[in-house]
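S.K.: Letter by letter, the chains look like this.
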Amino acid sequence: MKTYGRGLRGLSLVTVLTITVAFALVFFYAPLDANQGFIQKIFYIHVPLAITALCGFVFGGVLGAMYLRTGERKWDIRSYVAIHMALIFGIGTLFTGTIWAKASWGHWWVWSDPTLTSFLIVMLLFATYQPLRFSIEDPERQSRYASVFAVVAGAFVPLNFIAVRLAQPYVHPRVLTLTGGNLPGPMRLTFVVALLGVALLYVTLWKYEMAAKSTRMQVRALRRALLGEDAIAPLKRSAAPS
Amino acid sequence: MSTLVLHLAVAPALPLHSAGKYVAGAYIAFVAILLIYVGIMATRLGRTERELDELRRDVLARQQSSGDPTADDADREREGVV
Chain Z
498 MKTYGRGLRG
508 LSLVTVLTIT
518 VAFALVFFYA
528 PLDANQGFIQ
538 KIFYIHVPLA
548 ITALCGFVFG
558 GVLGAMYLRT
568 GERKWDIRSY
578 VAIHMALIFG
588 IGTLFTGTIW
598 AKASWGHWWV
608 WSDPTLTSFL
618 IVMLLFATYQ
628 PLRFSIEDPE
638 RQSRYASVFA
648 VVAGAFVPLN
658 FIAVRLAQPY
668 VHPRVLTLTG
678 GNLPGPMRLT
688 FVVALLGVAL
698 LYVTLWKYEM
708 AAKSTRMQVR
718 ALRRALLGED
728 AIAPLKRSAA
738 PS
Chain V
31 MSTLVLHLAV
41 APALPLHSAG
51 KYVAGAYIAF
61 VAILLIYVGI
71 MATRLGRTER
81 ELDELRRDVL
91 ARQQSSGDPT
101 ADDADREREG
111 VV
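Chains Z and V, in that order, give the protein sequences.
Per the numbering used here, the first sequence starts with residue 498, numbered consecutively.
Per the numbering used here, the second sequence starts with residue 31, numbered consecutively.
Bound conformation, chain V alone (with noise of 0.2 Å):
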């Protein structure tokens, strides 16, 4: 840890004149691209979170139209799940 500390002491500072725009500019493309990716991956999880939603309460529906004793017992783990 003491060595990580005295190599970052004397490491020099970001020369950060005119070539630094671009570099930080090419790093937060990087970085920009990747939370896209990840926020439509999120939308995709959120649509297949619904779905399995609906899946779940179509379910429980018909078990207890048909009468089905176990579907209280369902209903509980659902929200055990939830």
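Looking at chain Z on its own, in the form it has when it is part of the complex (with noise of 0.2 Å):
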């Protein structure tokens, strides 16, 4: 059985100084944004926090797709853990996103910004995720069905990417463009630190996760072993893989 606590602690360390080192420049070393001023700094944790929500969605469709291929139940925990970690960088984003929309538009929410909007719909579609899971008692058929249902959802969150990207007009601020963009240097630094920093977060919290999980079936494997059926009391009825 892969034990994902291995490497774990060298993992956490490299997190939290990438994290620290982020905040560090983006509070003492980032100019302050000519037009915005201030309110700008909350860019460094926004963004970076939205980039690893939908990479953690797409992540979890493609991990779906192992277990469609395979059939092997690791591929469905991972993609279970995957998305529900998404989730919460999710709700990371809405928060730090109403409040930057609150002091830069003075308005907490605004239905017009096709970004917001559609992060938004990526959200409530991904909500639905635990509820699917939950309203199937056969585990192997939960297991199929929310792994079809990440692969779908996953693969609409780029088509929605893009398809907001070539609406027009918008009103959300864009500085990440293939052309390059435009942040200066500085600022460019602090938002790759600041982007490394949140995406060695969601690695480290998936394997905490993971290794959580993991331990928690091997012990009850081992009581199973052990003491036999009866000595394990039926699981509940749950969301997550077990």
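No wet-lab data here; the hints were simulated from the structure.
Be aware that one or more of the hints could be misleading.
As the list claims (entries may be wrong) - Distance windows between CB atoms, simulated:
(1) V:R77 to Z:A722: 18 to 28 Å
(2) Z:M714 to V:A54: 35 to 45 Å
(3) Z:E637 to V:R86: 30 to 40 Å
(4) V:R74 to Z:L508: 14 to 24 Å
(5) Z:V513 to V:S96: 40 to 50 Å
(6) V:Q94 to Z:T567: 35 to 45 Å
(7) Z:D635 to V:K51: 47 to 57 Å
(8) Z:L621 to V:Q94: 51 to 61 Å
(9) V:R74 to Z:R721: 17 to 27 Å
(10) Z:R662 to V:R86: 49 to 59 Å
(11) V:K51 to Z:L505: 34 to 44 Å
(12) V:S96 to Z:R721: 10 to 20 Å
(13) V:G76 to Z:V607: 36 to 46 Å
(14) V:T78 to Z:T567: 20 to 30 Å
Claimed, not checked - Facing chain Z, a subset of chain V residues (Cβ under 7 Å, in silico):
(15) A49
(16) A59
(17) F60
(18) E81
(19) L82
For every residue, glycine included, the Cβ atom is placed at its ideal position computed from N, Cα and C.
Using the supplied hints, reconstruct the complex from the two chains, each of which is provided in its own coordinate frame.
M.R.: Structure representation (structure tokens):
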């Protein structure tokens, strides 16, 4: 059985270090934005959270496809944890985004902005993932249907992103484009370090969650092997793979 | 090290006027979500530890009831681990 805890200590330290450096760069190195001023500092946490959350949803879809291809339960568990973590990062994106919107636009939410609304649609779509799992009692069917959902919804994420990018007009600031964007050097460096820190945080928390799930399953398997099936209390209905 | 100190000394003071509370709010929200998650993980870890402890006690009880001579060794080993 794979041990997800391997290398976790080192990864955690690197993550903490990268996030600390990123925060130091945000507040002591990156210059103030000429247009938005101090409010723009939210950008360094909001955008990395959004990018990581969206990548996490796609990652969950890829892992779901691996389950459908191989039929091995480990891929379903990995897909479940990837989507679970991406949802948490997505909630962080919504919180930081609404705070920025209030400070910059004077409103907590602007429905006419395609980026905000499309991100909410993606979040609501993936918010149905757990209830979908919970509604299916048979573990095999639960894994299969959830993986199909993860693949389809994961494919929807980049399509949605491209559609929003092509939409005109938009009011959301555009700082990262295919032609290089318009971030000056110090701001770009700070953003890249912040993005790396948040991405590392995602990987670290994913590994933590996988290690916790794997340990719990091993304890149950040991109990079953040593004391027999009667020693195991039947699992309650759950959205999480068991 | 001295370069870092010099850099920090010339760094502009944080302009914590009207925008400061929003920036602080966004970063606090990020840390709060992280701490809530860590709290939930800690609760789950506690549950797994309880299950493991229960399993260890069950195994010891079975070994002792069947007169297994290694049961005492296992008991000593457990104390060493804890």
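S.K.: The hint says 47 to 57 Å between D635 (chain Z) and K51 (chain V); measuring C-beta to C-beta, is that right?
M.R.: 51 Å, holds
S.K.: The hint names E81 (chain V) as touching chain Z; please verify it with the least Cβ-Cβ distance against 7 Å.
M.R.: Cβ of E81 (chain V) sits 5 Å from chain Z, so the hint holds.
S.K.: Look at the Cβ atoms of M714 (chain Z) and A54 (chain V) and judge whether their distance stays inside 35 to 45 Å.
M.R.: 41 Å, holds
S.K.: Holds or violated: is the Cβ of A49 (chain V) closer than 7 Å to a Cβ in chain Z?
M.R.: 4 Å, holds
S.K.: Using the C-beta atoms of T78 (chain V) and T567 (chain Z), is the stated range 20 to 30 Å upheld?
M.R.: 27 Å, holds
S.K.: Do R74 (chain V) and L508 (chain Z) keep their Cβ atoms within the hinted range of 14 to 24 Å?
M.R.: Once the Cβ atoms are compared, 19 Å apart, the range 14 to 24 Å for L508 (chain Z) and R74 (chain V) holds.
S.K.: Looking only at beta-carbon atoms, does the pair E637 (chain Z), R86 (chain V) fall within the given range of 30 to 40 Å?
M.R.: Once the Cβ atoms are compared, 32 Å apart, the range 30 to 40 Å for R86 (chain V) and E637 (chain Z) holds.
S.K.: Does the Cβ-Cβ separation between R662 (chain Z) and R86 (chain V) fall within 49 to 59 Å?
M.R.: Since R662 (chain Z) and R86 (chain V) have Cβ atoms about 56 Å apart, the given range 49 to 59 Å holds.
S.K.: Close enough to count: is the Cβ of A59 (chain V) nearer than 7 Å to one in chain Z?
M.R.: Holds: closest Cβ of chain Z sits about 4 Å from A59 (chain V), inside 7 Å.
S.K.: Per the hint of 34 to 44 Å, is the separation of the Cβ atoms of K51 (chain V) and L505 (chain Z) within bounds?
M.R.: 36 Å, holds
S.K.: That 18 to 28 Å hint for R77 (chain V) and A722 (chain Z) (C-beta), does it hold up?
M.R.: 20 Å, holds
S.K.: Can you let me know if the beta-carbon spacing of V513 (chain Z) and S96 (chain V) is within 40 to 50 Å?
M.R.: 48 Å Cβ-Cβ, so the 40 to 50 Å window holds.
Checked against the numbered hints given earlier, the structure satisfies every one of them.
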